[in-house]
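Given the coordinates of chain A, assemble chain B onto it according to the supplied hints.
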Amino acid sequence: MAAIETSGLKKQYGKISALRGLDISVPRESIFGFLGPNGSGKTTALSILAGLAQASSGSACICGMDVNTEGMAVRERIGFLRQDPRFYGWMSGQETLEFTGRFFPLDAGAVRRRAGEMLELVDLAGVANRKVGGYSGGMRQRLGIAQALMGGPEVLMLDEPCSALDPAGRFEVIQIMERLRGSTTVFYSTHILQDVERVADQVAIINDGACLRQSKMSELLASSQTELVVEIEGDPRAVVADLRRQAYVASAAAEPGPAGLSRIRLEVRDLEAARGHVPLVVVAHDDIIFVSCRPEQPGLEAVFLELTGGASGDVRAA
Amino acid sequence: MESAIVGPRSTDERALNPHRALFAGGRNIFQKELQEWFRTKRFGVTALLTSLMLGAVPVILFLNEGGLHDGRINSGYNGSMDAWMGLTLTLGAYLIVALTMGMIVKEEDAGTAQWIFTKPVSRKGYVLAKYAANVVAVVLGAVIVPSIVFIALTAATQSGGIHDWAAVAEGLAFASLNASVVVAIVLGLSGVFRASAPIAGIAIGIGFVPFFFDRFVTEKVTMFFPVNIGAIATNAVRSEPLTPWQPAVSGIVILLVAVAFACYRIDRRQLQ
Chain A
1 MAAIETSGLK KQYGKISALR GLDISVPRES IFGFLGPNGS GKTTALSILA GLAQASSGSA
61 CICGMDVNTE GMAVRERIGF LRQDPRFYGW MSGQETLEFT GRFFPLDAGA VRRRAGEMLE
121 LVDLAGVANR KVGGYSGGMR QRLGIAQALM GGPEVLMLDE PCSALDPAGR FEVIQIMERL
181 RGSTTVFYST HILQDVERVA DQVAIINDGA CLRQSKMSEL LASSQTELVV EIEGDPRAVV
241 ADLRRQAYVA SAAAEPGPAG LSRIRLEVRD LEAARGHVPL VVVAHDDIIF VSCRPEQPGL
301 EAVFLELTGG ASGDVRAA
Chain B
319 MESAIVGPRS TDERALNPHR ALFAGGRNIF QKELQEWFRT KRFGVTALLT SLMLGAVPVI
379 LFLNEGGLHD GRINSGYNGS MDAWMGLTLT LGAYLIVALT MGMIVKEEDA GTAQWIFTKP
439 VSRKGYVLAK YAANVVAVVL GAVIVPSIVF IALTAATQSG GIHDWAAVAE GLAFASLNAS
499 VVVAIVLGLS GVFRASAPIA GIAIGIGFVP FFFDRFVTEK VTMFFPVNIG AIATNAVRSE
559 PLTPWQPAVS GIVILLVAVA FACYRIDRRQ LQ
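Chains as they are written, first to last, in our numbering: chain A, 1 to 318; chain B, 319 to 590.
In isolation and in its complexed conformation, chain A is listed as follows (with noise of 0.2 Å):
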């Protein structure tokens, strides 16, 4: 059974669709990344889950559960983050956590226990009896991030967990995830790619209100391997004739490489039979030295542009 599984999910306001038929199905335990540009329909897909919006048409199941007729069985097993948080500002944070903590079915020394450790967890520790209206947009977040643990939930759903912080604190809520795994699903929607790359086991890229693909995110990338770099010694301009003459190659261009060596690019139609055939090509020519070949990592940001056709605005790589 998967932690999250929604299937044609829709929502219209008005005459816009936020959603138009959103299939995703994250495994339990995984950390899946949800990706796409500002407007794409995160936001409002997480609404839905999270039960505070409704949807049109189709169904969203967490754990097994209809979202819209156990919601109460499901925001039980759940922790979410909003994007910019926001908490009572005449409490402080130790009181928000024991606020939080006494929806669940947890006792008064269980709550007041978790509460302190999940300061500890986000570094809030030293100032647990300050007033939240007194907190950073950074600590807010990562009080937002407490909370969401308080209930010790199954699926934690964060909406932009890291827009708000510095690199230190993105390193850091990266780490709490990192913790999480294997024990809690994780399901986070960004706009950050370098956090996906480094952090995400799965990944949906949606856009305009859809999934535009869904995947490990080894084979996400893998499969948009479509370059091939090749390294020689010697002049490379009769082995870029010859390798545009072969018909599992789009397109052929010479680079200097390193340390006085040739670099040749290849656009390839079939990367298997391309990385098997190219160094007999070269090897073919006696007055050039073959050292490497081997397929360009892509990137999860050329992957996203590639499926978006662009729509990346609001992306950062970094």
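There are no misleading hints in this set.
Dumping the calculated EDC-like pairs for lysine to aspartate or glutamate here, alpha-carbon to alpha-carbon at most 20 Å:
(1) B:K359 x A:E95
(2) B:K442 x A:E70
(3) B:K350 x A:E98
(4) B:K350 x A:E95
Calculated directly from the structure, the hints in this document are not laboratory data.
Every value quoted in this text rests on a predicted model; they were computed, and no experiment measured them.
Just chain B now, kept in the frame of chain A:
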């Protein structure tokens, strides 16, 4: 920190603690709401303001009556009682509207309602807890505390002190009912509007409805407007019969309908 701390609670632990679904989280919200009244300046300012308003009544009457005779006011007891109830039920009602108009919408604007609704909380429980806590706070701050001030001053200055303590208690009960109805109307309007201005405007405007209708309908009908709870309260403190009964009944009906309507609407409200 060990990962066990941040991991999920076991299924057994959840199974041992079955949650009350219908009003889940209501007690927690109720306590939070009361804390917000008492730990911020809201309650203190309300009680001070209403006490000054009502405390001034015996002083004004004292001056109006031309001073003390043997250290006490010898007349105007009923006038003083009328002024007390009049202020409590009219100015008090406006103050209550101002104090409670944001009880739902302010939380939604601030985003704290969205935070709470992602927890295992029943929205009906949330609405009822908010209503109950606000009624407790406004009855205390805008009815009971200023009335204690008024009663103390009256007992100290009026010749003969308080004539009928049971009548005062009855008057306070009807003033509290009036406050509960006002909060319920504000709550009901919060189920329709998502901004404070129309809620306040309409809630105050409802108080003037009888003035428009008394030209077109008979007194039998206007007697059912809950704004006339003031008439019962005034009769009560004067130790006169508790009439008319109609506004008390219609007030309770309106209270129940408004709270149920707010529960229904807010339960279905779409948030982001």
